[in-house]
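Now for the letters of each chain:
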Amino acid sequence: MAVQLELLKRIPYFSDLDLAELESIRKLIFEKTADRAEMISLEGEPADDLYFVASGVVKVFKTSAEGKEQILSILRPGESFNDVPIFDGGPNPVSVQAMGPVLLYQIKRNDMGAVLRNHPQVALNVIKVLATRVRDLVSLVENLSFRHVISRVARILLEHIGGETDRKPRLTQQEMAAMAGTVREVVGRSLKALEEEGAIKLDRHRIIITDKGALMKIMEVSS
Amino acid sequence: VAEVPVLNTRKCDGCGLCVGVCHLNALAIADNIVTIVETVECDWCADCEAVCPTGAISCPFEIILQEP
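Line by line, the protein sequences give chains A and B. Reminder that position 3 of the first sequence reads as 3 in this note's numbering, one-by-one numbering, no gaps. So this note's numbering is basically just the index in the second sequence, starting at one, shifted up by 1000.
Derived by calculation from the structure, the hints in this document are not laboratory data. Treat the hints loosely; a few may be bogus.
[Unchecked claim] Cβ pair distances, simulated, as ranges:
(1) Ala20(A) / Glu1038(B): 46 to 54 angstroms
(2) Asp48(A) / Asp1031(B): 37 to 45 angstroms
(3) Leu1065(B) / Leu116(A): 51 to 59 angstroms
(4) Glu66(A) / Asp1031(B): 42 to 50 angstroms
(5) Glu1003(B) / Ala37(A): 48 to 56 angstroms
(6) Asp1043(B) / Ala20(A): 43 to 51 angstroms
[Unchecked claim] Covered, in the sense of this in silico footprint (three residues per stretch, anywhere, with C-beta under 8 angstroms from a C-beta of chain B), are these stretches of chain A:
(7) 4–18
(8) 99–107
It should be emphasised that the depicted structure is a prediction, and the values quoted were computed from it without experimental measurement. Every residue gets a Cβ at the ideal spot worked out from N, C-alpha and C, and that includes glycine.
If we strip away everything but chain B, and leave its shape as in the complex, we get (with noise of 0.2 angstroms):
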């Protein structure tokens, strides 16, 4: 399954300033809330966390340790 920033729907005011940031075209507005309409590129660079003004959107990373 591809990784995709976490949401908080509850929190989004459909500003939309996460759309017009995001260089692969992920995200949109429906109904006034943001949704994430491709999936499979997100390459986490967070400028949508970033540039959210009520925190909607987060980009969480897993810390993991390589194996030697």
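Chain A on its own, in the form it takes in the complex (with noise of 0.2 angstroms):
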């Protein structure tokens, strides 16, 4: 299938721009596809492309050396992914992964510094995608003080168990994320995390706290 004019018009890079220009630049792109939990771009290894996502999800995480995943963001259509190696020319930072089947768009790297030296527009798009996309993660940053996420998420867990009689309401991922002042893959980090300690158990819709005294010691730690 031919790359969509439509759907390029729909990427913020290449917004404002006249349908001669995003004609030029589409046959500068390729397309890709990508089954769900395929990996398109992995941590510390070069990368020649810049891709964009055409439809699907894919997910942007690192990952420690203990194995554990941080969710950076999840990119939609329209958003980008391999921006950093392909500008400043060194390994990719993150991981990527397909969240279900997905299409992309791709270009090369000296495709698209032609595209960022003929058309100034996109030069300008490419700032305001990056500059949103510091703030996005100076804000990830200020959540990651992860052991004081930890005990807040104990502390909403305590603060909200329900039974027969005392029917308290549910709550979401991201709702947790509200109360405790932080983002949603947070959550999903930390609840992860008590179920290692032993303190709770994830049981489909449910959350069985195991050991609540191990809860509130985890509750304690200054928050």
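Mind docking these for me? Both chains are given alone in their own frames, and the hints should help you get the complex.
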């Protein structure tokens, strides 16, 4: 299938371009598909192509030495990845994996350089997109004072224990994040950490507190 | 009754991102609105909730204390 002009127009890097400009850029773009769970980029590896999500969703994450995954962002149609290694020439700082079947638009590093030189509006768009991304990452750094968050999540769980006679509202990870003053990704990681510490058990739609004492101890760590 | 994610069809814009990420193929778009086609298997991975751009799907947790 040919690269769709309509999809190209929705990519923030290519906004405010006229049709002739988009046509010339389209000629430099290739399609790539990936299946669910397929790794598209690997942390530490060099990268030669910039990618845009045309359809589907990918996750951008880092993996710790112990194998723990920290999701940095979830990218939806229009959003790009591999920008950092493409623009600074260094290794990829993150890994990217398809969360379902995805269609990607791919442009080679040299071709992207030519686009930037020939279409100054694209350069302005790139600056804006990267500035927004820096803002998001600064916010995530703020939220990753992890030990504090885990104790706040422990407190939320203890305050929302429901029972047969005392029904409490169910909580989504997003709601827990709002209560803990953090983001959903950090709550997900906190819940996994609490499970590893034996304080809770995640059982489908239930969070079972298996060791209330341990959870209370974690809660008491300065939050 | 099998537990399934909560859908807020008023918020759904029919983008279908949730359908693509559901590894159990439990979701579909019908008449431009998300719907659940398979209710038995949901393992509450909450990927659908994570990718939904409009907040139309949520996977709320019940928090319970295990009796000693």
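We went through each hint and held it up to the structure:
1. In this structure the supplied range 46 to 54 angstroms holds for alanine 20(A) paired with glutamate 1038(B), their Cβ-Cβ distance being about 47 angstroms.
2. Taking 37 to 45 angstroms as the suggested C-beta distance range, the pair aspartate 48(A) and aspartate 1031(B) conforms, at roughly 43 angstroms.
3. Judged by the Cβ atoms, the range 51 to 59 angstroms given for leucine 1065(B) and leucine 116(A) holds: they are separated by roughly 58 angstroms.
4. Separation of glutamate 66(A) from aspartate 1031(B) is about 46 angstroms and conforms to the stated range, judged on CB atoms against 42 to 50 angstroms.
5. Taking the beta carbon of each, glutamate 1003(B) and alanine 37(A) are about 24 angstroms apart, not inside 48 to 56 angstroms as hinted.
6. In this structure, aspartate 1043(B) and alanine 20(A) meet the distance hint of 43 to 51 angstroms, their C-beta atoms being roughly 49 angstroms apart.
7. Counting residues of the region 4–18 of chain A whose C-beta lies closer than 8 angstroms to any C-beta of chain B gives 0; at least three are required, and the coverage claim is violated.
8. Look at the region 99–107 of chain A against chain B: 4 of its residues bring a Cβ nearer than 8 angstroms to a Cβ of that chain, three or more, so the hint holds.
Hints 5, 7, counting from the list given before, are not met by this structure.
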